[in-house]
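Q: Here is what each chain is made of, one letter per residue.
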Amino acid sequence: MTEKKIVDGRGSFCPGPLMELIVALKSSQIGDVLEVLSTDKGSADDIPEWLRKVGHEYISTTESNGEWHITIRKTK
Amino acid sequence: MSASKICVVVVSGSLERLQMAAMVASVGAVSGQEVIVFLSMNALPYFVKGNTSKAPHEGDMGKLMAGKKVPEFKTLFEQAVELGDAKIFPCSMAMDVLGIEQDGLEGYLGKATGLTKFLHDAQDGQVWTF
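These protein sequences, in sequence, are chains A and B.
Read in this note's numbering, the first sequence has 72 at position 72, and its numbers run on one by one without any break.
Read in this note's numbering, the second sequence has 79 at position 79, and its numbers run on one by one without any break.
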């Protein structure tokens, strides 16, 4: 079991959290799970869309008090 | 996947337009689309090495953005190149007018390009102008 990496994009606006996720993916291994923290609603909508387009696995999104946690798995 | 090429032409020196151009270029590039950017007119001086001047806002949105943690447009253009393989070309005419050479520009910019070459490269793509 690989450990989950946290990508802290809180406070940043679109496309900041997405770019931070991509940087983190570059240094990750296939199968790694990453969780993006974002306070930007647009990014919470946009990141799953990006995952569909490029083909990494979208696992889930949770939200509480204006903070989104988007969990994904690197698949390639 | 045969995603159509995105060709971004940036001539404005306003914060909002530079920001939107950088967003289109960076998100397009990291989403697997081929992206080429042509920087000319008032946009090019921001890419001269050592130029730290801030682009002026043209409306309320730009004013609001300045106080928030919005990624800087230059960072986004650089990420478009480094993370997404975008190509950013400085306009050779604008370089002549500014009196600068290739080594006077940010390192992530491609070779000086004339309009004839850019129009040729853009003919089979979608063109976004800012």
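No wet-lab data here; the hints were simulated from the structure.
Please note that a few of the clues may not be correct.
[Unchecked claim] Output of the computed footprint for chain A on chain B, the stretches with three or more beta carbons under 8 Å from beta carbons of chain A:
id: 1; stretch: 15 to 27
id: 2; stretch: 69 to 77
id: 3; stretch: 86 to 97
Cβ coordinates follow ideal geometry from the N, Cα and C atoms, glycine included.
Q: For every hint, state whether the structure bears it out.
A: Hints and how they fare:
With a cut-off of 8 Å between beta carbons, the stretch 15 to 27 of chain B has 3 residues touching chain A; three or more are needed, and the interface restraint holds. Counting residues of the stretch 69 to 77 of chain B whose CB lies closer than 8 Å to any CB of chain A gives 4, so the stated coverage by that chain holds, three being the minimum. Figure legend: the stretch 86 to 97 of chain B, annotated as covered by chain A; annotation inconsistent (0 residues with Cβ-Cβ distances under 8 Å, at least 3 required).
In this structure, the one hint that does not hold is number 3.
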